[in-house]
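**Q** Just need the whole structure built from these sequences, with the hints factored in.
Sequential numbering of the sequence shown, starting at 63, is according to our numbering.
It is worth saying that the hints were derived from the structure and are not from the lab.
Treat the hints with care, since some could be wrong.
Computed Cβ-Cβ distance ranges for the label pairs, DEER-style [said to hold, decoys possible]: (1) 168 x 130: 17 to 27 Å; (2) 89 x 114: 27 to 37 Å; (3) 158 x 106: 18 to 28 Å; (4) 166 x 74: 21 to 31 Å; (5) 74 x 102: 20 to 30 Å; (6) 164 x 64: 46 to 56 Å; (7) 109 x 66: 37 to 47 Å; (8) 163 x 115: 38 to 48 Å.
Using N, Cα and C, we set each Cβ at its ideal position, and we do this for glycine too.
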Amino acid sequence: MTIHDGIQWLCAIGTVTLVLIGRDRLRINSPKVRVAVGVAGILLALLIFFSVMQLLPRPWESGFSAFTDNMTLVACSAFAGLLVLSLIEIVGSTLQAIKRRRYYRRNVG
63 MTIHDGIQWL CAIGTVTLVL IGRDRLRINS PKVRVAVGVA GILLALLIFF SVMQLLPRPW
123 ESGFSAFTDN MTLVACSAFA GLLVLSLIEI VGSTLQAIKR RRYYRRNVG
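**A** Take a look at the structure:
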């Protein structure tokens, strides 16, 4: 196992852990707040993605150092985690709003 493999393993475990913790804490919010947080997360994920693309050196200019490669891996993990968490929040809040609407139509109306 190389250092790169260890960092990749830590990033994967860290990303999954943070997504699950974030999902658990955001579930108690109302659907409107969850959609807003999801959209903000997608925008932040896109900002991270485009920042990484701008900061990466081009392969023909210079080779990738181990530090650059590891920082890229960390940034890509953050991008992927934010994107997945945001999509989970948007889909979850949409389903929650549909279920609430059906409940109120059946029982209240």
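**Q** Each hint needs a verdict: does it hold in this structure or not?
**A** Taking the hints in turn, this is what the structure says about them:
no. : hint                  : verdict
1   : 168 x 130: 17 to 27 Å : 57 Å, violated
2   : 89 x 114: 27 to 37 Å  : 29 Å, holds
3   : 158 x 106: 18 to 28 Å : 22 Å, holds
4   : 166 x 74: 21 to 31 Å  : 41 Å, violated
5   : 74 x 102: 20 to 30 Å  : 24 Å, holds
6   : 164 x 64: 46 to 56 Å  : 53 Å, holds
7   : 109 x 66: 37 to 47 Å  : 26 Å, violated
8   : 163 x 115: 38 to 48 Å : 40 Å, holds
Violated hints, listed in ascending order, are 1, 4, 7; each of the other numbered hints is respected by the structure.
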